[in-house]
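Protein chains: 4
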Amino acid sequence: MSEIDIETETSTGWLADDALAMVRANVPIVYVDAVPVRVDSLGNVIEVGMLLRVAADGTISRMVVTGRVLFNERVREALMRHCEKDLGPLAFPRVPANPTPFTVVEYFPDPDRSGFYDPRHHAVSLAYVVPVEGECEPTQEALDLRWFSPEEAVGQEVRESMTSGHDRLIRLALAHVGKLP
Amino acid sequence: MSEIDIETETSTGWLADDALAMVRANVPIVYVDAVPVRVDSLGNVIEVGMLLRVAADGTISRMVVTGRVLFNERVREALMRHCEKDLGPLAFPRVPANPTPFTVVEYFPDPDRSGFYDPRHHAVSLAYVVPVEGECEPTQEALDLRWFSPEEAVGQEVRESMTSGHDRLIRLALAHVGKLP
Amino acid sequence: MSEIDIETETSTGWLADDALAMVRANVPIVYVDAVPVRVDSLGNVIEVGMLLRVAADGTISRMVVTGRVLFNERVREALMRHCEKDLGPLAFPRVPANPTPFTVVEYFPDPDRSGFYDPRHHAVSLAYVVPVEGECEPTQEALDLRWFSPEEAVGQEVRESMTSGHDRLIRLALAHVGKLP
Amino acid sequence: MSEIDIETETSTGWLADDALAMVRANVPIVYVDAVPVRVDSLGNVIEVGMLLRVAADGTISRMVVTGRVLFNERVREALMRHCEKDLGPLAFPRVPANPTPFTVVEYFPDPDRSGFYDPRHHAVSLAYVVPVEGECEPTQEALDLRWFSPEEAVGQEVRESMTSGHDRLIRLALAHVGKLP
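Chains as they are written, first to last, in the numbering used here: chain A, 1 to 181; chain B, 1001 to 1181; chain C, 2001 to 2181; chain D, 3001 to 3181.
Worth flagging that the hints you see were computed from the coordinates, not collected in a lab.
Treat each hint with caution, since some may be false.
As the list claims (entries may be wrong) - Per label pair, the in silico range of CB-to-CB distance:
#: 1; chain 1: B; residue 1: Leu1143; chain 2: A; residue 2: Trp147; range: 41 to 47 Å
#: 2; chain 1: A; residue 1: Pro109; chain 2: C; residue 2: Asp2057; range: 47 to 53 Å
#: 3; chain 1: C; residue 1: Ala2021; chain 2: B; residue 2: Asp1112; range: 28 to 34 Å
#: 4; chain 1: A; residue 1: Arg120; chain 2: D; residue 2: Gly3155; range: 43 to 49 Å
To be verified - The calculated lysine to any residue pairs, modelled on SDA-like cross-linking and capped at a C-alpha distance of 25 Å, are:
#: 5; chain 1: C; residue 1: Lys2085; chain 2: C; residue 2: Gly2134
#: 6; chain 1: D; residue 1: Lys3085; chain 2: C; residue 2: Val2039
#: 7; chain 1: B; residue 1: Lys1085; chain 2: A; residue 2: Leu42
#: 8; chain 1: C; residue 1: Lys2085; chain 2: D; residue 2: Asp3040
#: 9; chain 1: A; residue 1: Lys85; chain 2: A; residue 2: Leu20
#: 10; chain 1: D; residue 1: Lys3085; chain 2: C; residue 2: Leu2042
#: 11; chain 1: D; residue 1: Lys3085; chain 2: C; residue 2: Gly2043
#: 12; chain 1: C; residue 1: Lys2085; chain 2: B; residue 2: Arg1113
#: 13; chain 1: A; residue 1: Lys85; chain 2: A; residue 2: Phe148
#: 14; chain 1: B; residue 1: Lys1085; chain 2: B; residue 2: Asp1144
#: 15; chain 1: B; residue 1: Lys1085; chain 2: B; residue 2: Ala1056
#: 16; chain 1: B; residue 1: Lys1085; chain 2: C; residue 2: Arg2113
#: 17; chain 1: C; residue 1: Lys2085; chain 2: C; residue 2: Glu2141
#: 18; chain 1: B; residue 1: Lys1085; chain 2: A; residue 2: Asn44
#: 19; chain 1: A; residue 1: Lys85; chain 2: D; residue 2: Arg3113
#: 20; chain 1: A; residue 1: Lys85; chain 2: B; residue 2: Leu1042
#: 21; chain 1: B; residue 1: Lys1085; chain 2: A; residue 2: Val39
#: 22; chain 1: A; residue 1: Lys85; chain 2: B; residue 2: Ser1041
#: 23; chain 1: A; residue 1: Lys85; chain 2: B; residue 2: Gly1043
#: 24; chain 1: D; residue 1: Lys3085; chain 2: C; residue 2: Asn2044
#: 25; chain 1: D; residue 1: Lys3085; chain 2: D; residue 2: Ile3060
#: 26; chain 1: A; residue 1: Lys85; chain 2: B; residue 2: Asp1040
#: 27; chain 1: D; residue 1: Lys3085; chain 2: D; residue 2: Thr3139
#: 28; chain 1: B; residue 1: Lys1085; chain 2: A; residue 2: Asp40
#: 29; chain 1: D; residue 1: Lys3085; chain 2: C; residue 2: Ser2041
#: 30; chain 1: B; residue 1: Lys1085; chain 2: A; residue 2: Gly43
#: 31; chain 1: B; residue 1: Lys1085; chain 2: B; residue 2: Ser1061
#: 32; chain 1: D; residue 1: Lys3085; chain 2: D; residue 2: Leu3052
#: 33; chain 1: C; residue 1: Lys2085; chain 2: D; residue 2: Leu3042
#: 34; chain 1: C; residue 1: Lys2085; chain 2: D; residue 2: Ser3041
#: 35; chain 1: B; residue 1: Lys1085; chain 2: A; residue 2: Ser41
Said to hold, decoys possible - Just a sample of chain B residues kept apart from chain D, beta carbon distances all over 10 Å, derived:
#: 36; residue: Arg1024
#: 37; residue: Val1039
#: 38; residue: Glu1133
#: 39; residue: Asp1144
In this text, a Cβ means the ideal position worked out from N, Cα and C, and glycines have one as well.
Working from the sequences, and respecting the hints, build out all of it.
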């Protein structure tokens, strides 16, 4: 990996494959997780959105919006970028005014380390509940996006369609907004 | 106070003057405080709204939206009702999905008890930051509503126009959203 | 109810029965709920404590520490007072430095209003997770105190021994500390 | 940098200088900040601890405890490790049960990006208020540790002895615990 590579990468925030592999093997990566929700006029969460896509572990799973924070990028910008990428340009995500995540999810290559698993790396993910108001149409790698009531979201069927601890993340998000059944 | 009075009052949540006086002398009252804010598209707070009105201590002061939670009323409903009453019907307040207040403000008749003062009673107030998107026009008892940048909101001029600890509440709200200068 | 009664009551924070009945019929009451926990040296919650006692609905149930905030009492003082009353003088509860509750529990006489039920009144309760370090011996009205692992605390057996939404409160507390299974 | 280097580094979490330089130039680094506090028996913060040390920008400044999260390390473990390293083995830090930071501090090489500055890298730091109960004796690189009342901690003298936004971090911490003057 040359000096020139690094400089080029720095300016965009993207990394060449070998550089990313080196980073992943050596330091925790900063991530954001966004749990998309629909709220009523009083702010009550009435539905939780979940993507169907190929997860980090290779399974086709229900998942929340998730992705890396790039070099020189603000956490809010990363959150907005990943929401728009995964939910489409008309989703109108409302990133909360409070920068504090509702929980910090620690993904490890060892599935037993924290219960949150990612075979690719150790990621420290700031997790937010993000109300969306517009039309969502999953873009890029997602196969579909479906909305679930809080009861459905903690039910057996959804749990079994999630891997790597994502079902637990949904329960933590619902608890945070006072809607865990 | 007769049985009949109590029943009438219960059904509306409102209290006759003597009943309210008796309650205020004996138990803490449940309140909500709402700090209205304008946010940009990434959720950053860019302005804080403050009403100009006659405060509980009789002064004309800059204040946030504040008021009592009624019997049988949900906290969210009280928050929405007071925002609409003070900011007008077109303010479109966005009560957060998370029911946890950013701080709990304890108002006492003794100004030294907590630094938050209300000569009328002991109130325990759940304080929220509430983004508003629409047009605000102060209704009822407010003389005007003005928007301040975070720098202005913690500046000497605004501090001197606030009493009873409300200037401190503004600083706590700005800290919560990461915008305290 | 005479003037003299009210003044006497005010000074202690306690209310005569008829005054309390009048208050309960007319305004929400300020409460605190404390979920006692054991933590390891890194701050991880490893056990949740639950009392066995006669609940507000008359059943013998597993419950958290709960009680009223008195007139002129700080929320922290109420929290400490109820913990000491229910867990004994050697429990050494560590009330968190952050005054924000992990959730706000709204108890209503109507069991369907929020899912949290109290036949006696409408209470707005600030709920905290409180690590205890010392020896607990339940005093006063509690029959016993037992410690449960997070897995046990969300299990079917414990759920069935709780009423009025207290089982849900335990799950919200565990989610807050990142230990909801 | 060879394959062997990477593997050796991974097992300890430490990086060779050139590897660290490469990481720093390309991705945000996961950090923790700990604001040490003294609390009274009710959990009120009465003093804030600040180290005097050489800051990232080369100045001798008042600072909080701060440091990197290593590969395969839990956030709690990093928090405890840095507290023990900076405050000594007898400080007995009490890492909160709640894994959510009170704020997320984004340090950038560009001092204007967020107001939090680190010339070495882009760091995303999870910031916690950590009560300490034992004897602190600053170890390693710190010149001393001094305790400040909330009033002193936001005063002009302390502000001027801090750089890179650390004075603001102290104010955010005090606001979080309800003690910002």
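Do the hints match the structure? See the list:
For the pair Leu1143 (chain B) and Trp147 (chain A), the supplied restraint of 41 to 47 Å holds, since their beta-carbon distance comes to about 44 Å. Taking the beta carbon of each, Pro109 (chain A) and Asp2057 (chain C) are about 48 Å apart, inside 47 to 53 Å as hinted. A C-beta distance of roughly 33 Å is found between Ala2021 (chain C) and Asp1112 (chain B), which places it inside the suggested range of 28 to 34 Å. At roughly 48 Å, the beta carbons of Arg120 (chain A) and Gly3155 (chain D) sit within the given window of 43 to 49 Å.
As the CA atoms of Lys2085 (chain C) and Gly2134 (chain C) are separated by approximately 14 Å, the hinted pair is consistent with the 25 Å bound. At roughly 22 Å between alpha-carbon atoms, Lys3085 (chain D) and Val2039 (chain C) fall within 25 Å of each other, so this suggested pair holds. Using a Cα cut-off of 25 Å, the hinted pair Lys1085 (chain B) and Leu42 (chain A) holds, with the two alpha carbons roughly 15 Å apart. Restraint check for Lys2085 (chain C) and Asp3040 (chain D): the C-alpha separation of about 20 Å stays at or below 25 Å, so the hint holds.
As the CA atoms of Lys85 (chain A) and Leu20 (chain A) are separated by approximately 21 Å, the hinted pair is consistent with the 25 Å bound. A threshold of 25 Å between alpha carbons decides the hint, and for Lys3085 (chain D) with Leu2042 (chain C) the separation of about 15 Å falls inside it, so the pair holds. Only pairs whose Cα atoms come within 25 Å are accepted, and Lys3085 (chain D) paired with Gly2043 (chain C) is accepted, the gap being roughly 18 Å. The straight-line distance between the Cα atoms of Lys2085 (chain C) and Arg1113 (chain B) is roughly 24 Å, inside the 25 Å bound, and the hint therefore holds.
Between Lys85 (chain A) and Phe148 (chain A), the direct Cα distance comes to roughly 21 Å. Compliance with the 25 Å bound is thereby established for this hinted pair. A C-alpha spacing of about 13 Å is found between Lys1085 (chain B) and Asp1144 (chain B), which places the hinted pair at or below 25 Å, so the restraint holds. Taking the CA atoms of Lys1085 (chain B) and Ala1056 (chain B), the gap is about 17 Å. The hint holds against a cut of 25 Å. Our distance criterion of 25 Å between C-alpha atoms is met by Lys1085 (chain B) and Arg2113 (chain C), whose separation comes to about 24 Å.
For the proposed pair Lys2085 (chain C) and Glu2141 (chain C), the alpha carbon gap of about 10 Å is at most 25 Å, so the pair holds. Pair hint Lys1085 (chain B) plus Asn44 (chain A) holds up; C-alpha atoms about 20 Å apart against a cutoff of 25 Å. Among the hinted pairs, Lys85 (chain A) with Arg3113 (chain D) is consistent with the structure: their alpha-carbon atoms are about 24 Å apart, no more than 25 Å. Simply put, Lys85 (chain A) and Leu1042 (chain B) have alpha-carbon atoms about 15 Å apart, close enough for the 25 Å limit, and the pair holds.
Distance check on the hinted pair: Lys1085 (chain B) and Val39 (chain A) sit about 22 Å apart at the alpha-carbon level, within 25 Å; holds. For the hint pairing Lys85 (chain A) with Ser1041 (chain B), the CA-to-CA distance comes to about 16 Å; that is within 25 Å, so the pair holds. For the hint pairing Lys85 (chain A) with Gly1043 (chain B), the CA-to-CA distance comes to about 18 Å; that is within 25 Å, so the pair holds. For the proposed pair Lys3085 (chain D) and Asn2044 (chain C), the alpha carbon gap of about 20 Å is at most 25 Å, so the pair holds.
A threshold of 25 Å between alpha carbons decides the hint, and for Lys3085 (chain D) with Ile3060 (chain D) the separation of about 19 Å falls inside it, so the pair holds. Taking the CA atoms of Lys85 (chain A) and Asp1040 (chain B), the gap is about 20 Å. The hint holds against a cut of 25 Å. For a cut-off of 25 Å, the pair hint linking Lys3085 (chain D) to Thr3139 (chain D) stands: about 6 Å separates their Cα positions. Distance restraint check for Lys1085 (chain B) and Asp40 (chain A): the Cα-Cα separation of roughly 20 Å lies within the 25 Å cut-off, and the hinted pair is therefore satisfied.
Distance hint between Lys3085 (chain D) and Ser2041 (chain C) is fulfilled; the C-alpha atoms sit about 16 Å from each other, no more than 25 Å. The hinted pair formed by Lys1085 (chain B) and Gly43 (chain A) meets the criterion: a straight-line CA distance of about 18 Å does not exceed 25 Å. For the hint linking Lys1085 (chain B) to Ser1061 (chain B), the alpha-carbon distance of about 18 Å falls within 25 Å, and the restraint holds. Straight-line distance between C-alpha atoms of Lys3085 (chain D) and Leu3052 (chain D) comes to about 14 Å, which keeps the hinted pair within the 25 Å bound.
Distance hint between Lys2085 (chain C) and Leu3042 (chain D) is fulfilled; the C-alpha atoms sit about 15 Å from each other, no more than 25 Å. Only pairs whose Cα atoms come within 25 Å are accepted, and Lys2085 (chain C) paired with Ser3041 (chain D) is accepted, the gap being roughly 16 Å. Between Lys1085 (chain B) and Ser41 (chain A) the CA atoms are separated by roughly 16 Å; this keeps the pair inside 25 Å, and the hint holds. No Cβ of chain D approaches the Cβ of Arg1024 (chain B) within 10 Å, the least distance being about 24 Å, so the stated non-interface status holds.
Against chain D, the non-interface label of Val1039 (chain B) holds: every CB pair exceeds 10 Å, the least being about 17 Å. Non-interface call for Glu1133 (chain B) relative to chain D: holds, since the shortest CB-CB distance, roughly 25 Å, exceeds 10 Å. In this structure Asp1144 (chain B) is separated from chain D by more than 10 Å, as the shortest Cβ-Cβ distance comes to about 27 Å.
No hint from the list above goes unmet by this structure.
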